[in-house]
Every structure is written in structure tokens, then in C-alpha cells.
Amino acid sequence: MLWIISDSGVPDLCCEALVNEGYRPERVSIAARSEQKPGVILIDSDIGSGFTGHIQTLISRFPQAVILAMVAHGESALASEALQAGASDYVLKPFQPSQLLRVLGQSLALRHSTGDMVVRSRAGLQVLQLAYRAAQTPAAVLIGGESGTGKECLARYIHQVSDRSDGPFVAVNCAAIPESMLEAVLFGYSKGAYTGAVQAQAGKFELANGGTLLLDEISEMPLALQTKLLRVLQEKEVERLGSHQKVQLNVRIVAACNKDLREAVSAGEFREDLFYRLDVLPLGWPPLRERAEDIMPLVRHFLQKYGQGESFGVSPEAERALLCHDWPGNIRELENVIQRALILARSAIIDVVDLMLPRAGQGRVANPLLSVGQPQPETAPDGLQASRQRAEFDYVLQILRKYSGHRSRTAEALGLTTRALRYKLAAMREQGIDIDRVIGA
-16 MLWIISDSGV
-6 PDLCCEALVN
4 EGYRPERVSI
14 AARSEQKPGV
24 ILIDSDIGSG
34 FTGHIQTLIS
44 RFPQAVILAM
54 VAHGESALAS
64 EALQAGASDY
74 VLKPFQPSQL
84 LRVLGQSLAL
94 RHSTGDMVVR
104 SRAGLQVLQL
114 AYRAAQTPAA
124 VLIGGESGTG
134 KECLARYIHQ
144 VSDRSDGPFV
154 AVNCAAIPES
164 MLEAVLFGYS
174 KGAYTGAVQA
184 QAGKFELANG
194 GTLLLDEISE
204 MPLALQTKLL
214 RVLQEKEVER
224 LGSHQKVQLN
234 VRIVAACNKD
244 LREAVSAGEF
254 REDLFYRLDV
264 LPLGWPPLRE
274 RAEDIMPLVR
284 HFLQKYGQGE
294 SFGVSPEAER
304 ALLCHDWPGN
314 IRELENVIQR
324 ALILARSAII
334 DVVDLMLPRA
344 GQGRVANPLL
354 SVGQPQPETA
364 PDGLQASRQR
374 AEFDYVLQIL
384 RKYSGHRSRT
394 AEALGLTTRA
404 LRYKLAAMRE
414 QGIDIDRVIG
424 A
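Under the numbering used here, think of the first position of the sequence shown as -16, with each following residue one higher.
You may find that some hints are simply not true.
[Stated by the list, open to error] Restricting the straight-line Cα-Cα distance to at most 30 angstroms, the calculated cross-link-like pairs of lysine-lysine (DSS-like) are:
{"no.": "1", "residue 1": "Lys242", "residue 2": "Lys229"}
{"no.": "2", "residue 1": "Lys242", "residue 2": "Lys20"}
{"no.": "3", "residue 1": "Lys407", "residue 2": "Lys288"}
{"no.": "4", "residue 1": "Lys174", "residue 2": "Lys229"}
{"no.": "5", "residue 1": "Lys288", "residue 2": "Lys229"}
If you're looking for bench data, these hints aren't it; they were derived computationally from the structure.
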């Protein structure tokens, strides 16, 4: 339900556009009482004195509602006051239906964004707006984008703003599970279905019943299993391995991949019929280099997330370096850079040297440490930056030794998630560090 509080009303074209988008506009007075709570309130500055006070009253009465202020051109001060009073956004009169819908869609999307979903760029907001609309339907969603862009975060957002938010969210990385085990993981198995199946086990589809199932890196799913997946999606039921009992499913499917599935279809690596079954509502998450406006808000978010309660800032030089970097690893790379900077920082202000970003033209940071006892390459950086690089790696290895290589304890001691530690160790291995040998040394 969408309330319109205005003396002059909203143009008929705008009302028609709102209806076409699924809203139910209703013109009411500021003192309106209703058993139904509005999801959106448009309040016009033409209602007279007490405009911002009315906004605050509406917020206290309907804290779940998105409130948009309608103000005339030339009333920029009043628009600012409306935002300070708690309005989600404002639109300047006169406006076109498309303008109203754009501001409304962005406000709804941002109102429900949570966790690591930090979006301020126009490109990101457009995707978030589409994701919000997709979440209001039961259709499958296909999320494309480079590695590290936050596809799982977007899938969780779709789940959280849908009518399935009270149900489970289950994620499966199809590339991380051995091909021989993937079918059992997805569909479950009965006791004795195969050697080692000593008890029955529900699959991910059953575990996600009533909620959302994310099939990440779906392009890596074997063709034979794609056939069975297609049948499950069509029939909305699943059979565990070794059983003929059918389990009815009520699951929204969100698939994600970092490859072009159309090219995979053309190459015969992905079933065309399954592609069209999944590609009902395609979403493309832009890489971070195309969302420069998101970089510093994400930096502040990660500083708060990993700062262990302390307040950290970023020097102007570090901010310029962050904005100039092309982020081939996207948000995942940025998150790791900020975690590393917090380990290395000598003060509450993150400086450019703490970031250890490659200088222009280098492509990546040179190897600071290959392995214990091995000479450094000629290309290794020298001076303070090299010392900080060695200090970081030495510290990680020191904590690994302390906990005898136990990943979960090490991650906790470093203030990292276990997944972030895995990425860090993988990056260290890529740079030639023999982690297992060093731990055992």
C-alpha cells in the first residue's frame, strides 16, 4: 500500500505508473488511521507548516515504511530538512513518472539492504532495485559477475527481502564439491545408497525447502547432473539417492556464475534448456572498477567490521590509491586489503603504505617472501613496504604455528573469517610460500 499525503495530489500519469508497477496508491490525510500499514508514504511539502514534524510523526507510527518527500524546485533547503527528519529520499516537483519510480525503487532497495551489501553507485543501485523487484516473485534468478563482486551477498539480499525470508538460505558452491559427491550433496541419499552411507541424509534441496537455494558456480556442474537438476526444477520434487520416495519442493533457485553461460551453451558445456529455466530474471553485478562510488563506503564498512571496536580513518593519499586501483579481485580483494592494512597500521589512520597496493604499471605486489631460507628475488620491493609485507606474512605464519595449523583458531586470532584466511593462505601459496613446510619447521 502506498499513501499519498498531499493537498494538490499526484498527477494521474504517476498514479497509473505506480499501479502498473504493483503499488496500490491511496490519497489520505496526515491524520489518517488504518488497520493496514503502508509500505510507502509520499508526503508533499504543500501540506503547510510542520512538514518535517509530520515526517517524524509518520516515522514513529510506521517505522517500516519508506517515506519520500515531494518538494518544489527551489526548495532545496526544505528537501535537506526532510532528509534530516528521516525521509528516505525526496523528489522535486514537477516530476515524470519515471523519476518517481526510480527514486522509489532505490529507496526500497536500500531500506532492505543488510550486511556487506553496501551500495551507493548508480550502477549498483540499479541492480539492487532489479533484485528487489525479482525478490517479490517466485521466479528463478541468475546472477552473473566476476569473482569477488558479491554474488552471494546479492543472493542473500534477494532472500531477505522476499516472502521467504523466514525460511532457510542454503548455499552450495558447485565448483568446491567433488563431482562424485555433488549429486548426493544436492539431492541427499538414503541409508545404504552407496558404500559409506551408514545413515540417511537430506540434500541441500530439502534443507532449503520453504526458502532459497543458491547454486554458486553453476557453470561447473557436470552435464549429467544438469539433466537431473532440470527435472527437479520442472517437477518441483526430488528423490534421494537409493530411494524412490518423492519429496515435494517449495524452493526459490538463485544461480550464480562468473562465466558467460550463453557461451557455455554454445560450446556444449551447459544445457540450453537448463539455461533458459534459470535465466528468468538475469542480474549482472558490475565489477568494482565500474562502481567507484562504492569503494570508500565499502572501505568504511570493512574498517568498522574488522576494527575490533576501534575507530580508524584513511589518509587522503590512501584514499586516492584506493580509488585509482582497478580491483581485479573486486570486493573480496578490497576486503582483504583493508584487513591487511588494519594489521599493519601503526596508528588510527590507514596510510598508503599500509595498503600494499601495486604501484601503477606493476599489476600486483611483488613477492615479499617466497619461503623460509630462500633468497628474495631481485624484483622484491625494498624499504618500509617490503618490511611490512614480510611482517604480515611472518605474523600469519606465527599464529598458524601457535595453533598447530588449525585454521579456525588461527582465523579467530587474526580477526578473520575462516574463508578470508583461506583466501589469504591461497594468495601466499601463489607467491611461493610453502605454508605446510614452514608450519612444520
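Quickly compare the C-alpha distance for Lys407 and Lys288 to 30 angstroms and report which way the hint goes.
With Cα atoms ~18 angstroms apart, Lys407 and Lys288 stay inside 30 angstroms; holds.
Is the hinted pair Lys174 and Lys229 satisfied, with a Cα-Cα distance of at most 30 angstroms?
Given that 30 angstroms is the threshold and the Cα spacing comes to 16 angstroms, the pair holds.
Please verify whether Lys242 and Lys20 have alpha carbons no more than 30 angstroms apart.
Roughly 43 angstroms separates the two Cα atoms, so the pair is violated.
Holds or violated: Lys288 with Lys229, Cα cutoff 30 angstroms?
44 angstroms, violated
Lys242 paired with Lys229 [C-alpha distance capped at 30 angstroms]
Not satisfied, since the Cα-Cα distance of roughly 33 angstroms exceeds 30 angstroms.
Violated hints for the displayed structure, listed by number in ascending order: 1, 2 and 5.
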